[in-house]
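For chain S, the structure is supplied; the task is to place chain G on it using the hints.
So the sequence lines, in the order shown, correspond to chains S and G. Counting from 1, one number per residue, gives the positions in the first sequence under UniProt numbering. Counting from 1, one number per residue, gives the positions in the second sequence under UniProt numbering.
No lab work stands behind these hints: they were computed from the structure. Hints are not guaranteed to be accurate.
Stated by the list, open to error - Which chain G residues stay away from chain S? Per the calculated CB distances, all over 10 Å, these: (1) 2; (2) 13; (3) 110; (4) 228; (5) 320.
Claimed, not checked - Some but not every residue of chain G turned toward chain S, in silico, with C-beta under 8 Å: (6) 264; (7) 277; (8) 280.
As the list claims (entries may be wrong) - Facing chain S, according to a computed beta carbon distance under 8 Å, are these residues of chain G, among others: (9) 93; (10) 94; (11) 97; (12) 99; (13) 250; (14) 254; (15) 269; (16) 272; (17) 274; (18) 275; (19) 282; (20) 283; (21) 284; (22) 285.
Every residue gets a Cβ at the ideal spot worked out from N, C-alpha and C, and that includes glycine.
2 protein chains.
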Amino acid sequence: MRVTTIHAPGDIRLEERPDPTIERPTDAIVRTVAACVCGSDLWPYRGANDVEAGNPIGHELVGVVEAVGSDVTSFRPGQFVVVPFCHSDNTCAHCAVGMTSACVNGGFTNGGQAELVRVTQAEGSMVATDGMPDDDLIPSLLTLSDVMATGWHAAVAAGVEEGDTVVVVGDGAVGLCGVLAASVMGAGQVIAMSRHEPRQRIAEQFGATNLIAARGEEGEQEVLDLTDGVGADAVLECVGTGQAMATAFNVARPGSTVGFVGVPHGVELPIRRMFSKNIGLAGGMAPVRTYLPELMQLVTDGTINPGIVFDAVMPLEDVAEAYRAMDEREAIKVLLEP
Amino acid sequence: MRVTTIHAPGDIRLEERPDPTIERPTDAIVRTVAACVCGSDLWPYRGANDVEAGNPIGHELVGVVEAVGSDVTSFRPGQFVVVPFCHSDNTCAHCAVGMTSACVNGGFTNGGQAELVRVTQAEGSMVATDGMPDDDLIPSLLTLSDVMATGWHAAVAAGVEEGDTVVVVGDGAVGLCGVLAASVMGAGQVIAMSRHEPRQRIAEQFGATNLIAARGEEGEQEVLDLTDGVGADAVLECVGTGQAMATAFNVARPGSTVGFVGVPHGVELPIRRMFSKNIGLAGGMAPVRTYLPELMQLVTDGTINPGIVFDAVMPLEDVAEAYRAMDEREAIKVLLEP
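Next up, chain S with everything else stripped away, as it sits in the complex:
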């Protein structure tokens, strides 16, 4: 089968590898229907993370169950499933309180931009749809494997409540999904910090009430101006850089929480400000499985349509081009079809 691998920063290849097999009774093999490139895949692509040459890459997919191990009793070949990027048994002490991304038996999808993918802890990780979904639902279901669930987690972690003024830092697919999450949760004002016109349009479709194109101090001042100098009731940090985190804390009102989901790179937390202004930090790796039933319902009943973050569709053989387009910000997010 064909799987995407990374050999060095900027060097993405589609290679022939042996089909994955059931290695443990808790495994499943899923035949990919749609996969995609994540913003976090760009960290190694850009050389910000170490790369082990030839490693498979990719962790977002939906597909059809091909085979299951003997402990996987709730799934059968032929079912359509959403595969969370982090796997969980959904029974351990951490899973029991909803923290499925910290499962003691957890793992990750590795090599998800491929024709076939091995899912560990399949029983506790995957969620099946009722029958085969319509083609037009596939992109939205695909976002639930990571970005939409992650944007949702940012809003949950930030404690978004009905009527809140919410700022979303970052206009990648996760940030846009954060805008959508805050809107669905009833935020009264959703301020999207975005300077890219196509992303601004999606932010508006997702419910952004205000757009701020400026960055740094200028952008922060605009948030303060919009909030009578008070700051936001909740802030979603969806990038992971030092600048994004600094902005998040500078626009958060005293007593509020910054919900962060961007993998931190070079972030220094402003602990003095956190202390003097009582601004909390919460979030991290999204417990995707925990949110999946609710989010799948919202997608299938038409309440949310996060799939519009995909502004390009490419065949799997063009995966290197997909990375390049996202790296150069020509595309927001690329859907890959094997």
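For chain G alone, kept in the frame of chain S given last:
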């Protein structure tokens, strides 16, 4: 009148200064009935903070109203009041959501170890008792000006809920009050990390179910052993050092929150662990005024008796000795009587 001043690290003096006066219509002058030394007063005493020679020091007191400015309409001379260390108008946008320690018109008690003290924003800051309290309630009421309210804030920030397993890092007066707060909030297990026998006894009186004397990795392992390897549902960090913060995060279960109230000194936050384990940080400078009505009720109805953190009482002229005794850990907390 006599007021405590600091001239250099280790150099505490009681000096004669002019009586404070009403400088603004929002001021009040309070005649001190009892004051005390705070753990945070030890930072400049130990040279960890800059010292401006001759500055008044101290911020915890209860007393009797001596005079009020023209805007202070709810208080009259002769009333007994608790004075929060941080002052607030209790009407601004931050106060309106309970974040009184971030009041836009806020200030701090400065020179609280004195016979007379000026309180800014007296109307929104002070809370009076019904009549003159019995002498035996004075120590507990005094703790409400800072340490008990601060320990309470740590528990609120950490999200302590009924039945939780709570770890309290730090056995100073604030940490001990954190133990009491967690107990009152219904924690099922309260693990106090304390190696000093007199403090351990108070922790037990405050409801600690377990004591851990070991520090660092060894102490952390004991918490994990006590919690089946899961970690605590809520952690109260009541010190402010790097080691205390590290321990707090190492014993916090995934998805939990570290409530921090120790003024941070040399703290580096473990953002990678916070991200991968979804451990949040919340807290900061306690919004004392917000909690005062509830805590005064708990004191006057006998539910809590935080005043037992005072293991020494000295006349105000011995204030230098009070600092020395606390610095050398001979005393947990010294009550000063003018």
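For each hint, the structure was consulted:
no.: 1; hint: 2; verdict: holds (31 Å)
no.: 2; hint: 13; verdict: holds (29 Å)
no.: 3; hint: 110; verdict: holds (16 Å)
no.: 4; hint: 228; verdict: violated (7 Å)
no.: 5; hint: 320; verdict: holds (29 Å)
no.: 6; hint: 264; verdict: holds (5 Å)
no.: 7; hint: 277; verdict: holds (6 Å)
no.: 8; hint: 280; verdict: holds (3 Å)
no.: 9; hint: 93; verdict: holds (5 Å)
no.: 10; hint: 94; verdict: holds (5 Å)
no.: 11; hint: 97; verdict: holds (6 Å)
no.: 12; hint: 99; verdict: holds (4 Å)
no.: 13; hint: 250; verdict: violated (14 Å)
no.: 14; hint: 254; verdict: holds (3 Å)
no.: 15; hint: 269; verdict: holds (5 Å)
no.: 16; hint: 272; verdict: holds (7 Å)
no.: 17; hint: 274; verdict: holds (6 Å)
no.: 18; hint: 275; verdict: holds (4 Å)
no.: 19; hint: 282; verdict: holds (3 Å)
no.: 20; hint: 283; verdict: holds (7 Å)
no.: 21; hint: 284; verdict: holds (4 Å)
no.: 22; hint: 285; verdict: holds (6 Å)
Hint compliance for this structure: hints 4 and 13 are broken, all remaining hints hold.
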